[in-house]
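A.B. asks: Sequences are here, hints too, so could you generate the full structure?
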Amino acid sequence: NAGVTQTPKFQVLKTGQSMTLQCAQDMNHEYMSWYRQDPGMGLRLIHYSVGAGITDQGEVPNGYNVSRSTTEDFPLRLLSAAPSQTSVYFCASSPSGGTGELFFGEGSRLTVL
Amino acid sequence: KQEVTQIPAALSVPEGENLVLNCSFTDSAIYNLQWFRQDPGKGLTSLLLIQSSQREQTSGRLNASLDKSSGRSTLYIAASQPGDSATYLCAVRNYGQNFVFGPGTRLSVLP
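Residue numbers (our numbering), protein chains in the order written: chain A, 1 to 113; chain B, 1001 to 1111.
No wet-lab data here; the hints were simulated from the structure. Careful, some of the hints might be misleading.
To be verified - With a straight-line cut-off of 30 angstroms between C-alpha atoms, the simulated DSSO-like cross-links for lysine-lysine are:
# : chain 1 : residue 1 : chain 2 : residue 2
1 : B       : Lys1042   : A       : Lys9
2 : A       : Lys14     : B       : Lys1001
3 : B       : Lys1001   : B       : Lys1068
4 : B       : Lys1042   : B       : Lys1001
As the list claims (entries may be wrong) - Sample of chain B residues facing chain A (criterion: CB under 7 angstroms; computed from the structure):
#  : residue
5  : Gly1043
6  : Leu1044
7  : Ser1046
8  : Leu1049
9  : Gln1051
10 : Ser1053
11 : Tyr1076
12 : Phe1099
13 : Pro1103
Being a predicted model, the structure only gives us computed values, none of them experimental. Backbone N, C-alpha and C fix where the C-beta goes; we use that ideal spot for every residue, glycine too.
C.D. replies: Shown next, in the form of structure tokens:
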């Protein structure tokens, strides 16, 4: 059972480069989200989606873009990477309706030089 | 705005002790509360999920309680082991469907 799959696990970028972090889930979950985790800052919500074609901003959306063309996939795009975006990124999914459990991917460690 | 806090920030105990981790939240309008474990450099693993209508959930040596009216949850770990060493995070799911996380409690269980 794959659950939530994130790729790549590690990535090094130069300032100004763009890239996409991939997230896929095979549990038919409607809710998907992206978090970043930084020392001393905890987990912060970047963007989320409650279903295909629907996305919304979280707490720290600037510099990131998302789309949700299918139920399974929720990619996170860094438009022009900055050193402040060096972080560990987590994708998570949950059934909608409120009572569902949140499942996490293993994370993607991004370093921006 | 929902805020979640966890006390203590760090805890060190000898093996075999029973311990309690605390989680507090400011807005009681939640669907559920979930406890996670995170090992260094790893992702988050779900431990227990308590629905807003429930008072507690148990899994093995773990017991989580929820008092929604007072905005509190506790995670009780019985007979702690060195393998329990990790960071424990709680998260509440708001009526708006998003999850808000606490900063975590870093637990060290000494052999």
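A.B. asks: Next step is simple, just say for each hint if it's right about the structure.
C.D. replies: Checked hints:
no., hint, result
1, B:Lys1042 <-> A:Lys9, "holds (11 angstroms)"
2, A:Lys14 <-> B:Lys1001, "violated (36 angstroms)"
3, B:Lys1001 <-> B:Lys1068, "holds (16 angstroms)"
4, B:Lys1042 <-> B:Lys1001, "holds (29 angstroms)"
5, Gly1043, "holds (4 angstroms)"
6, Leu1044, "holds (4 angstroms)"
7, Ser1046, "holds (6 angstroms)"
8, Leu1049, "holds (5 angstroms)"
9, Gln1051, "holds (6 angstroms)"
10, Ser1053, "violated (9 angstroms)"
11, Tyr1076, "violated (20 angstroms)"
12, Phe1099, "holds (6 angstroms)"
13, Pro1103, "holds (5 angstroms)"
Consistency with the previously given hints fails for numbers 2, 10 and 11, ordered from lowest to highest.
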